[in-house]
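Based on these hints, arrange chains B, C and D on the given structure of chain A.
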Amino acid sequence: MSADLLGIAIIDILLFTFLVVTAIAIMHLRNLFAVVMLAGVFSLLSASLFVTLDAVDVAFTEAAVGAGISTVLMLGTLALTVREEKKPAHSVFLPVLVCLVAGAALIYGTLDMPAFGSADAPIHLHVAPAYIERTPIDTGVPNIVTAVLASYRGYDTLGETAVIFTAAIAVLLLLGAGIRQSGKDGGKE
Amino acid sequence: MKHHSILRVVSKLLIPPIILYALYVQWHGDYGPGGGFQAGVVFAVAFILYALVYGVDEMMRILPPRLLHALAGIGVLIYAGTGVVTMLLGENFLGYNVLAHDPKHGQEWGIIVVELGVGITVASVMMSIFIAFACHNPPIKDEEW
Amino acid sequence: MLDIIVTNLPALQVVVPLVAAPVCAMLGRGDRSWAFATLVSFLTFAISVSLFVAAYGGEPISYEMGGWAPPIGIEYRIDVLNAFVLMIVSGIAALVMPYARRSVASEIPAERQAFFYTAFLLCLTGLLGVTITGDAFNVFVFLEISSLSTYALVASGAWRNKRALTAAYNYLIMGTVGATFFVIGIGMLYMITGTLNMADLAVRIAEHGDSRTLRMGFVFIFIGIGLKLAMFPLHLWLPNAYSFAPSAVTSFIAATATKVAVYVLLRFMFTVFGFDYAFQASTLENVLLPVAIVAMFAASLVAIFQDDLKRMLAYSSIAQIGYMLLGLAFLTHTGLVATIVHLFNHAVTKGALFMVAGCFVLSAGTSSISSLRGVGRDMPWTTAAFVAGGLSLIGLPLTVGFISKWYLVQASLELGWWPVALLIMGSSLLAVIYVWRVVEAAYLQPAPEGVIRREAPLSMLVPAWILVGLSIWFGIDASLTTTAASRAADTLIGSSQILWQE
Amino acid sequence: MPDIVLDLDFALGHYNYWMFVILMMTGLYVTVSRGNLIKKIVGLNLFQTSVFMLYISMGKIIGGTAPILTGDPDTVYSNPLPHVLILTAIVVGIATTALALALVIRISETLGTVEEDDILKMEHEMDFGVRKPGGGSR
Numbered sequence: 000m001s002a003d004l005l006g007i008a009i010i011d012i013l014l015f016t017f018l019v020v021t022a023i024a025i026m027h028l029r030n031l032f033a034v035v036m037l038a039g040v041f042s043l044l045s046a047s048l049f050v051t052l053d054a055v056d057v058a059f060t061e062a063a064v065g066a067g068i069s070t071v072l073m074l075g076t077l078a079l080t081v082r083e084e085k086k087p088a089h090s091v092f093l094p095v096l097v098c099l100v101a102g103a104a105l106i107y108g109t110l111d112m113p114a115f116g117s118a119d120a121p122i123h124l125h126v127a128p129a130y131i132e133r134t135p136i137d138t139g140v141p142n143i144v145t146a147v148l149a150s151y152r153g154y155d156t157l158g159e160t161a162v163i164f165t166a167a168i169a170v171l172l173l174l175g176a177g178i179r180q181s182g183k184d185g186g187k188e
Numbered sequence: 000m001k002h003h004s005i006l007r008v009v010s011k012l013l014i015p016p017i018i019l020y021a022l023y024v025q026w027h028g029d030y031g032p033g034g035g036f037q038a039g040v041v042f043a044v045a046f047i048l049y050a051l052v053y054g055v056d057e058m059m060r061i062l063p064p065r066l067l068h069a070l071a072g073i074g075v076l077i078y079a080g081t082g083v084v085t086m087l088l089g090e091n092f093l094g095y096n097v098l099a100h101d102p103k104h105g106q107e108w109g110i111i112v113v114e115l116g117v118g119i120t121v122a123s124v125m126m127s128i129f130i131a132f133a134c135h136n137p138p139i140k141d142e143e144w
Numbered sequence: 000m001l002d003i004i005v006t007n008l009p010a011l012q013v014v015v016p017l018v019a020a021p022v023c024a025m026l027g028r029g030d031r032s033w034a035f036a037t038l039v040s041f042l043t044f045a046i047s048v049s050l051f052v053a054a055y056g057g058e059p060i061s062y063e064m065g066g067w068a069p070p071i072g073i074e075y076r077i078d079v080l081n082a083f084v085l086m087i088v089s090g091i092a093a094l095v096m097p098y099a100r101r102s103v104a105s106e107i108p109a110e111r112q113a114f115f116y117t118a119f120l121l122c123l124t125g126l127l128g129v130t131i132t133g134d135a136f137n138v139f140v141f142l143e144i145s146s147l148s149t150y151a152l153v154a155s156g157a158w159r160n161k162r163a164l165t166a167a168y169n170y171l172i173m174g175t176v177g178a179t180f181f182v183i184g185i186g187m188l189y190m191i192t193g194t195l196n197m198a199d200l201a202v203r204i205a206e207h208g209d210s211r212t213l214r215m216g217f218v219f220i221f222i223g224i225g226l227k228l229a230m231f232p233l234h235l236w237l238p239n240a241y242s243f244a245p246s247a248v249t250s251f252i253a254a255t256a257t258k259v260a261v262y263v264l265l266r267f268m269f270t271v272f273g274f275d276y277a278f279q280a281s282t283l284e285n286v287l288l289p290v291a292i293v294a295m296f297a298a299s300l301v302a303i304f305q306d307d308l309k310r311m312l313a314y315s316s317i318a319q320i321g322y323m324l325l326g327l328a329f330l331t332h333t334g335l336v337a338t339i340v341h342l343f344n345h346a347v348t349k350g351a352l353f354m355v356a357g358c359f360v361l362s363a364g365t366s367s368i369s370s371l372r373g374v375g376r377d378m379p380w381t382t383a384a385f386v387a388g389g390l391s392l393i394g395l396p397l398t399v400g401f402i403s404k405w406y407l408v409q410a411s412l413e414l415g416w417w418p419v420a421l422l423i424m425g426s427s428l429l430a431v432i433y434v435w436r437v438v439e440a441a442y443l444q445p446a447p448e449g450v451i452r453r454e455a456p457l458s459m460l461v462p463a464w465i466l467v468g469l470s471i472w473f474g475i476d477a478s479l480t481t482t483a484a485s486r487a488a489d490t491l492i493g494s495s496q497i498l499w500q501e
Numbered sequence: 000m001p002d003i004v005l006d007l008d009f010a011l012g013h014y015n016y017w018m019f020v021i022l023m024m025t026g027l028y029v030t031v032s033r034g035n036l037i038k039k040i041v042g043l044n045l046f047q048t049s050v051f052m053l054y055i056s057m058g059k060i061i062g063g064t065a066p067i068l069t070g071d072p073d074t075v076y077s078n079p080l081p082h083v084l085i086l087t088a089i090v091v092g093i094a095t096t097a098l099a100l101a102l103v104i105r106i107s108e109t110l111g112t113v114e115e116d117d118i119l120k121m122e123h124e125m126d127f128g129v130r131k132p133g134g135g136s137r
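So the sequence lines, in the order shown, correspond to chains A, B, C and D. Its first residue numbered 0, the first sequence is counted upward by one per residue in numbering that gives the first Met the number 0. Its first residue numbered 0, the second sequence is counted upward by one per residue in numbering that gives the first Met the number 0. Its first residue numbered 0, the third sequence is counted upward by one per residue in numbering that gives the first Met the number 0. Its first residue numbered 0, the fourth sequence is counted upward by one per residue in numbering that gives the first Met the number 0.
None of these hints come from the bench; they were simulated from the model. Every residue, glycine too, gets a C-beta built ideally from N, C-alpha and C. Do not take every clue at face value.
As the list claims (entries may be wrong) - Simulated restraints, written as ranges between beta carbons of each label pair:
1) Asp-71(D) x Arg-28(C): 55 to 61 Å
2) Tyr-107(A) x Leu-300(C): 32 to 38 Å
3) Asp-126(D) x Ala-69(B): 39 to 45 Å
4) Asp-2(C) x Asp-73(D): 46 to 52 Å
5) Leu-93(A) x Val-293(C): 17 to 23 Å
6) Met-125(D) x Gly-449(C): 45 to 51 Å
7) Leu-300(C) x Leu-124(A): 49 to 55 Å
8) Asp-73(D) x Tyr-107(A): 37 to 43 Å
9) Leu-13(A) x Phe-296(C): 38 to 44 Å
10) Asp-71(D) x Leu-87(B): 38 to 44 Å
11) Ala-280(C) x Tyr-14(D): 47 to 53 Å
Unchecked claim - So the derived list for chain C, only partly shown, Cβ under 7 Å to chain A, looks like this:
12) Met-25
13) Gly-65
14) Val-140
15) Met-215
If we strip away everything but chain A, and leave its shape as in the complex, we get (with noise of 0.2 Å):
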């Protein structure tokens, strides 16, 4: 077990190394260009965090969606504004407060949780079990997050497709229809 759990942390020290370094060049690049492409990799490699993780779907989902679509709007967005982020002018003494106390309280609230990986954690004792143990029985299908996600907690994605629906639906009021216009859309209409 111990030696899993090494073998796991090598992997994942080394994939966090690089998540650090890319959100970090991230932070001090100024060219949004780069920094477009930076947060592609990033979710990138949070992908490969996720299937060491057993998290299949979601890496999947991540890469589709991080690496994908959101870079894809981000470069459309480029195109249509700057490229260039202006150096910031304003004290920073602010944020880095609040990120420090935040971060703290993230530090202490982890000291309790229990240890990575554990099998005895309550989180694998409760309503997890029951789900790997029924959805072979009332639904048949072997994909347990797929079971979990459509017919367990069916509602929340329900409510998943909601808001993708609403996004659209802000973008189409914000952006117009969609049908080419001749004139800016600066909302004289």
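Same frame as chain A, but now just chains B, C and D:
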């Protein structure tokens, strides 16, 4: 990008497999990773690639925005409609058990139908959003890139 | 057929507006989608009234989504408290919709109106979904439906004033950070309990006992909701969002969105965490009490110096949220009743006042107080509605505002906190000043030359006057609201099973 | 040396929560400190993705596999519920991003800038009709 013939040929070769893959992900989500959401995104990406190479107008000729907007709503209606049907059949909202003769099959049917609803909504929403972004007159000209 | 509808009423409460939204988007033209959305809002209100009647009688109603028993599936759980909030939300929606037609026609271009009404329905769906659910993660999903549509609705004020765009953007950033904090908090709770159902969470948290993870879970949920409800000093998004959004949107979200956030806070504090939880109690007393009092004064003071009527009302909203949090900070039954009663009272009052502001915007083209000089003669009914609403905001007897303040003062005196009681009265004086500024401009100053202002159309005046009427009706006879609030407080306290100070 | 061994175990059991906290705070920092509206959104995405990692890592069981039934009764599956929650959260994330970017496009169109400092200056001008001391807007 009117003159890039390599891009045009390669994308023509790529787009059909991407669509095929999207369909695979859609229908195979019960067995492996994937499902309506992922399939919808992949499907949308195929058409976005098409639009990037051949132009948004060309894409809008195949998929008019009005159709996409309607489809986005229809996906939600398919999902919620499944719930309404189960209610009419005497179960709770989204209780798929009553959709077939035995509960297990009912669940399978229910899952397939709602995943289809998710897939339709996600694909058409992603494409509508892309079109809405792309159809905004760019203040920067193409040559400046 | 009828019994199918009756047994599925909890699901229908949310599903009806949810299904209506895509249909509304497909209807196309503005008038048709408006008529449809109005019909749906009436239907939703009817459902929530029947749910309230059912929940008022006794036991909470539980509805299992998909037929899966909780905690496997998602549960809807309706007791007096959320039935009450559901009724507020859908009732305000049913009044704002008729009001919206003329106001929206003047502020949103015709070809976007269908999308506008769809977003409105989605916002209603989200708020109802947050209120009705008994599942912690489901709260997040529906919170995001309502938030995303609200951002878009706020931004659609850009056709009148382009600053609506940046207001919506700032709201989006702060709201999303808040939602993410909320998700972190839920994650921590889930981590130590293994469940997401609220009732189940409560049982397992009690078994689990105090831990650092639980504490931080509480803190992150508290801050996350605090951002959504514009708790001072996390309110920075609110003034701009309220003042630049289209008038119909402002009256709707000012009357409902923050109320729903207060409800979520109550639900998590009492039902999920339980009240004997010492860390929570000390947080309330040491953090919430000063925050609430500062909000009451600082926001009211800022309101006095605003020139824009909507902006002034927005700052007053922050102060009023302070009152609600104050009632919560007392940790007594009376304090809780004050919070819940004020939830209703402020929704009615502020809904009416923002509607009046929208009437001014439609007729005078502006809501700047200095350009509303002499408007009392041109628009007597609208201005009179403002005066009545303003009196309720101040808390004069025979208005609902008085009922809220009465309970707040009583709660503070019960604890012997008489300085707090004095502070409540002091902050009411500030309200007198900012309401008076408008009254003075409207009645005592001469109208500017050559300005023609017509009385607002009936479709806008009637909803505003209905709300004003409600604020007077329930100010004279508060038995329904206070009984409901008292029972809701009982359920909250009962669910957290604690020893009270009384 | 039992104490040190214990600490190592503790660290091994918690290090990845700490990693995610660092990533989260980087994201949050980019969101609150940068003035460029697009970069703020990128920061928000980093923040959210790191929260997703925290969720997924709590569902992991050492020696477990992805929660897709294999038919072998001895298989240990990792917890599927966090995966489901995060799938939903990812969708909410992209919806928020799309809306935020649409807002940025409109802001850039109407105000001609996507820098917070410039926007604040302009709004100051709109409020008071004078330029804020210390530099003109574009």
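Right, here's what the structure says about each hint:
{"no.": "1", "hint": "Asp-71(D) x Arg-28(C): 55 to 61 Å", "result": "59 Å, holds"}
{"no.": "2", "hint": "Tyr-107(A) x Leu-300(C): 32 to 38 Å", "result": "36 Å, holds"}
{"no.": "3", "hint": "Asp-126(D) x Ala-69(B): 39 to 45 Å", "result": "43 Å, holds"}
{"no.": "4", "hint": "Asp-2(C) x Asp-73(D): 46 to 52 Å", "result": "48 Å, holds"}
{"no.": "5", "hint": "Leu-93(A) x Val-293(C): 17 to 23 Å", "result": "19 Å, holds"}
{"no.": "6", "hint": "Met-125(D) x Gly-449(C): 45 to 51 Å", "result": "25 Å, violated"}
{"no.": "7", "hint": "Leu-300(C) x Leu-124(A): 49 to 55 Å", "result": "53 Å, holds"}
{"no.": "8", "hint": "Asp-73(D) x Tyr-107(A): 37 to 43 Å", "result": "38 Å, holds"}
{"no.": "9", "hint": "Leu-13(A) x Phe-296(C): 38 to 44 Å", "result": "54 Å, violated"}
{"no.": "10", "hint": "Asp-71(D) x Leu-87(B): 38 to 44 Å", "result": "40 Å, holds"}
{"no.": "11", "hint": "Ala-280(C) x Tyr-14(D): 47 to 53 Å", "result": "34 Å, violated"}
{"no.": "12", "hint": "Met-25", "result": "11 Å, violated"}
{"no.": "13", "hint": "Gly-65", "result": "5 Å, holds"}
{"no.": "14", "hint": "Val-140", "result": "4 Å, holds"}
{"no.": "15", "hint": "Met-215", "result": "3 Å, holds"}
Against the hints set out earlier in the document, violations occur for numbers 6, 9, 11 and 12.
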